[in-house]
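Top line first, the protein sequences correspond to chains A and B.
Counted from 1, the first sequence has number 47 at position 16 by the numbering used here; the numbering is strictly sequential.
Counted from 1, the second sequence has number 241 at position 234 by the numbering used here; the numbering is strictly sequential.
Hints are not guaranteed to be accurate.
Derived lysine to aspartate or glutamate pairs resembling EDC-like cross-links, with alpha carbons at most 20 Å apart [stated by the list, open to error]: (1) 246(B) x 37(A); (2) 184(A) x 206(B); (3) 119(A) x 93(A); (4) 292(B) x 353(A); (5) 332(B) x 176(B); (6) 202(A) x 213(A); (7) 440(A) x 206(B); (8) 91(A) x 37(A); (9) 256(B) x 114(A); (10) 184(A) x 219(A); (11) 119(A) x 300(B).
For the record, the hints were derived by calculation from the structure and aren't laboratory data.
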Amino acid sequence: MNPFREDLVSRNRPETCSVVIFGATGDLTHRKLIPALYNLAVNGELPTGVNIIGFARREKSDEEFRTGLNELNKKVSRSGHDEEIWGKFIESVSYHCSEFTDAEGYASLAKRLDEVDAGRGGKGNRLFYIASAPEFFDDILLNLKGAGLNEAKEGCWSRVIIEKPFGTDLKTAKHLNHIVRETFHECDTYRIDHYLGKETAQNLMVLRFANAIFEPLWNNRYISHIQITCSENLGMEGGRGGYYEKSGALRDMVQNHLLQLLSLVAMEPPTDLSADGIRDEKVKVIRSLRQWDTPEKVAKNVVRAQYTAGHVDGNPVPGYREEDRVSPTSDTEAYVAVRLLIDTWRWSGVPFYIRMGKRLPKKSTEISVHFKDAPSVLFNALPGGVPGGNVLVIRIQPDEGISLRMVSKIPGTSLRLEPVKMDFHYSTSFGKGSPEAYERLILDAIAGDATLFARRDEVEEAWRFIDHIERAWHDSENPPKMAGFVAGSWGPRESDEMIKQDGFAWRRL
Amino acid sequence: MDIYAELGKEVNVSDIDRELRQLWEHDEARTNASLMNLVVYAERPNGLLENSRIISDLTRENACRAILVEINREEQASLRAWITAHCHLSHGQKSVCCEQIAFRLTGRVPGRFRNTVFSHLNSDLPLVFWWQGELSDVFTERLASVMDRLIVDSSSWQNVSASFARIHEAVRDSTTLVVQDLAWTRSWQYRVGIAGLFDDTVAQSILGKVENVRLKYHPDSHTTATQILAWLVVQADWKIISATQLENKEGGKINLFMEAGESFAPLGLVELASGKTTVRVSQEKGAAHLLREIVSASHHVSSLSPADPEAPAELVAQQLSRGGKNSLFLKILPSFLQLLSQAPAASLKSSE
Chain A
32 MNPFREDLVS RNRPETCSVV IFGATGDLTH RKLIPALYNL AVNGELPTGV
82 NIIGFARREK SDEEFRTGLN ELNKKVSRSG HDEEIWGKFI ESVSYHCSEF
132 TDAEGYASLA KRLDEVDAGR GGKGNRLFYI ASAPEFFDDI LLNLKGAGLN
182 EAKEGCWSRV IIEKPFGTDL KTAKHLNHIV RETFHECDTY RIDHYLGKET
232 AQNLMVLRFA NAIFEPLWNN RYISHIQITC SENLGMEGGR GGYYEKSGAL
282 RDMVQNHLLQ LLSLVAMEPP TDLSADGIRD EKVKVIRSLR QWDTPEKVAK
332 NVVRAQYTAG HVDGNPVPGY REEDRVSPTS DTEAYVAVRL LIDTWRWSGV
382 PFYIRMGKRL PKKSTEISVH FKDAPSVLFN ALPGGVPGGN VLVIRIQPDE
432 GISLRMVSKI PGTSLRLEPV KMDFHYSTSF GKGSPEAYER LILDAIAGDA
482 TLFARRDEVE EAWRFIDHIE RAWHDSENPP KMAGFVAGSW GPRESDEMIK
532 QDGFAWRRL
Chain B
8 MDIYAELGKE VNVSDIDREL RQLWEHDEAR TNASLMNLVV YAERPNGLLE
58 NSRIISDLTR ENACRAILVE INREEQASLR AWITAHCHLS HGQKSVCCEQ
108 IAFRLTGRVP GRFRNTVFSH LNSDLPLVFW WQGELSDVFT ERLASVMDRL
158 IVDSSSWQNV SASFARIHEA VRDSTTLVVQ DLAWTRSWQY RVGIAGLFDD
208 TVAQSILGKV ENVRLKYHPD SHTTATQILA WLVVQADWKI ISATQLENKE
258 GGKINLFMEA GESFAPLGLV ELASGKTTVR VSQEKGAAHL LREIVSASHH
308 VSSLSPADPE APAELVAQQL SRGGKNSLFL KILPSFLQLL SQAPAASLKS
358 SE
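All chains, please: the whole structure from these sequences, using the hints.
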């Protein structure tokens, strides 16, 4: 018990530890993880004595590793690059060269960590961050166990953060969960989904449960439907096509990020703010999704598409099948729209629509809650009628914020109605920038707070839902067709028709 | 030339609302943002101009309607008002602006002050009241009753105990008013640093047997140094025996060394030691960072963390961004006042 902690920070206490990053030479480590740790140090939030070891296959000295990190940190760090703090911070960073499959490399890692712990009276906490290519996840976990690094010393902890993708389907996710269970306790396992570290995603629960005006309306009595949109204007630049060909929009974004957002929007109030209290409610949402378990149901409720050549931001762009590292006969979707139904008392009859696509007109992620129209007995006789209903929009990125669309009278002697928007921008109201999602999530893992990480059952339930769709697309005799749309447009006509069948339209972003 | 031109457009008090509306009516490129009413009150000459510059900085991160007040009781009764907006580019794109109303009141003040200021608050937004300098007869229970947050700087007070007693009296029936002291804010990073160091098992092991506590500070920061000492005393459950001695729960004696010197940073050192183990946070004068260290026979860890700011605007910005009830400050207040009475600033040894 540390009495000096009282009232300083309203969060779990981050404890000093050794952080071992697997895949230390990769882009994620250089662009996100090390800058996140550095920014925590800049803010004074990184516990004193944290020791960082990069673990990777490439031959490198500590100095070479540090030089590479230094160069990129200067370019990408959110809070700039302070030479004095960086100099102190980088002293704690070192490099450990080993194949991921080489047990010897883990034995020497264990020895190295023991040496670090020797200065702490033989005790030490360990955080293993697996940011390698997914094919090495098993090897890393099993070798950590082989070297005894999965077990914490008495009075200490040993935790593991696992990057996405957490499996490529239910079977592989179960297999990975099995390996994780064999090596680490579930309470020490942190499956990262960086969307949950974003400020607006965290604010979702506050919006719903700390404001008395929303929760009474948050049900099928007042809400007509909900849309979750994640649009990207980029395509397959930078060799991304190779990875994307194996995943596609559904597995890359919907299975994890967008279903996580859906569960935050649709969950019941948790009994408390504990990690499991919240995750218990989130998983119930995913479990209650009506399954599209036949090709016919998939054809009716899911649209997949690829873009053809077009223009984005005024520049010509190639079609998906002409992109770098993409097969000319590819059947990987670069766009997906899904209609979901949640079979619970609260959401009975309320469709949720998720759409995600590459090469759409702009980059944006948002949730829009569309309320039912007011009874139009008073104003329906007016020219133009009542223009649309109330829409609450929660913008996840960019320009994080919340807006509410209402109907208002246009000033004048006649009675004419127009929609108006009340808008709250984080950046305008709080000039202070939000921390990067990885900063928050790494600090949470160090502090032992798993609230913003996915639990085993959440991951498996999400894959169960996704697997039916993937099977209908790739394993059925009569697979639903792949639609097409021109790059730079808002997706295929089929997607518009799917939502139109329910009497709605995609929100124009 | 009017020295107040910097405050914007001079307006009749009765026209303020209309003039503010006109400020925005024809300007769609700018967004008017406000999360609170921030009243900045000063009973000193040039308070308005200084505070207008502070508000210009403060509104970069804290959108508010700023109401600046300068009082001068020596002059004939008069009331002048100015309006302006402080605009900043948000993320290099949007121009986000905050309104400022400045009042200069002269002559008899109390009743006129309340009426003038409170009729120009943005409704439904919290009222943060930054009182600069000594408390005066304007500070009353009635005034305090409409505040949500009162910011003071006890390091600028002549009689700290008496002033805190006045605040206590004024706010005792309030369940919502939060009192924040900038002198306390100045020790934030030190407290975070010490708390962080005591997460370490080596540091934890000496907590019950600390033998020496040493503080070094600039003479201007006596209040802040005494507050952080009070915090150590309260949180470690120590007893104050004298100006140079404390006692732990088991009755063990703890030597207290407080050294003020012109060559020190505002807070230059806070150190707790037992045997060969020392836990310390320190700052060189003028340095931008604090050095956190644990030094023992077998163990030496150190890291840098940001230093606490000195500029009032930054201190207030920190207070505003942290929010909270500041209950820890109220908890340490009795020990702080006890320590002050035992070791008034003038009696301390100076290193210069």
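- Query: Hint numbers the structure violates, sorted upward?
  - Reply: 4, 7, 8 and 9
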